[in-house]
Amino acid sequence: DQQVKQNSPSLSVQEGRISILNCDYTNSMFDYFLWYKKYPAEGPTFLISISSIKDKNEDGRFTVFLNKSAKHLSLHIVPSQPGDSAVYFCAASIGYYGGTSYGKLTFGQGTILTVHP
Amino acid sequence: NAGVTQTPKFQVLKTGQSMTLQCAQDMNHNSMYWYRQDPGMGLRLIYYSASEGTTDKGEVPNGYNVSRLNKREFSLRLESAAPSQTSVYFCASIYSLSSYNEQFFGPGTRLTVL
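From first to last, the protein sequence lines stand for chains A and B. Just so you know, the first sequence maps onto residues 1 to 117 in my numbering. Just so you know, the second sequence maps onto residues 1 to 114 in my numbering.
One chain only, chain A, in its complex shape (with noise of 0.2 Å):
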């Protein structure tokens, strides 16, 4: 049972276009949200993280937007780079607001980026 998805397996876009990767999720307890990236041979860096009460947070180039009644979440860079190609991993935790899950995350499948210059 994923309880998060990354429905699209790769995401093909121009450089200096935008990216949308999505997110969804199944288990409403999760209140804390993770977007992690990933080169070939290394292990995940943390991009942007979101919590529960919000419905947005911006970093830079990086947006993730979180929609709780859909449980939906998405990434969005703007504008893209070749530098941003990679594996896009959303995650998901319990625990933010009280309780915990010892910091476990759970993880979606993951979303191949390509930008193309």
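Read the hints as simulated data drawn from the structure, not as lab findings. Beta carbons are placed, not taken as given, at the ideal position from N, Cα and C, and that holds for glycine. It is possible that some hints are incorrect.
If you only want the chain B side, here are some residues facing chain A, beta carbon under 10 Å, derived [as the list claims (entries may be wrong)]:
hint: 1; residue: Gln6
hint: 2; residue: Thr7
hint: 3; residue: Gly40
hint: 4; residue: Gly42
hint: 5; residue: Ala50
hint: 6; residue: Asp56
hint: 7; residue: Glu59
hint: 8; residue: Val60
hint: 9; residue: Tyr64
Chain A regions said to be covered by chain B (calculated; three or more residues, Cβ under 8 Å) [what the hints assert, rightly or not]:
hint: 10; segment: 45-55
hint: 11; segment: 69-75
We have chain A already, so just place chain B on it with the hints.
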């Protein structure tokens, strides 16, 4: 400051062999995690250690054991490797469960079981 290091980087085993994957962090982090990454599955939690001296099962613990040797080191052992354990293994750490900082990941160990 090396962050999270993992050894070895690559390993090939025969079915039934045993091995230990090593992980160490130099960031004074309290909690450590082992994940495996398989195509189409994302990263799945195998075991974690919320603090030194404690370990607990994650989503896919069968066939594995762990040891939190000290605050810095968290090892993953395969007692009798099976082809289904062919995967890329990542170790991660976090400073504090209450700080909700992001987890820091090591570079991974690519394991093939024949």
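Requested in this report: Check each numbered hint from earlier against the structure, then list the numbers of those it violates in ascending order.
Outcome: Hints 2, 8, 9, 11 not satisfied by this model.
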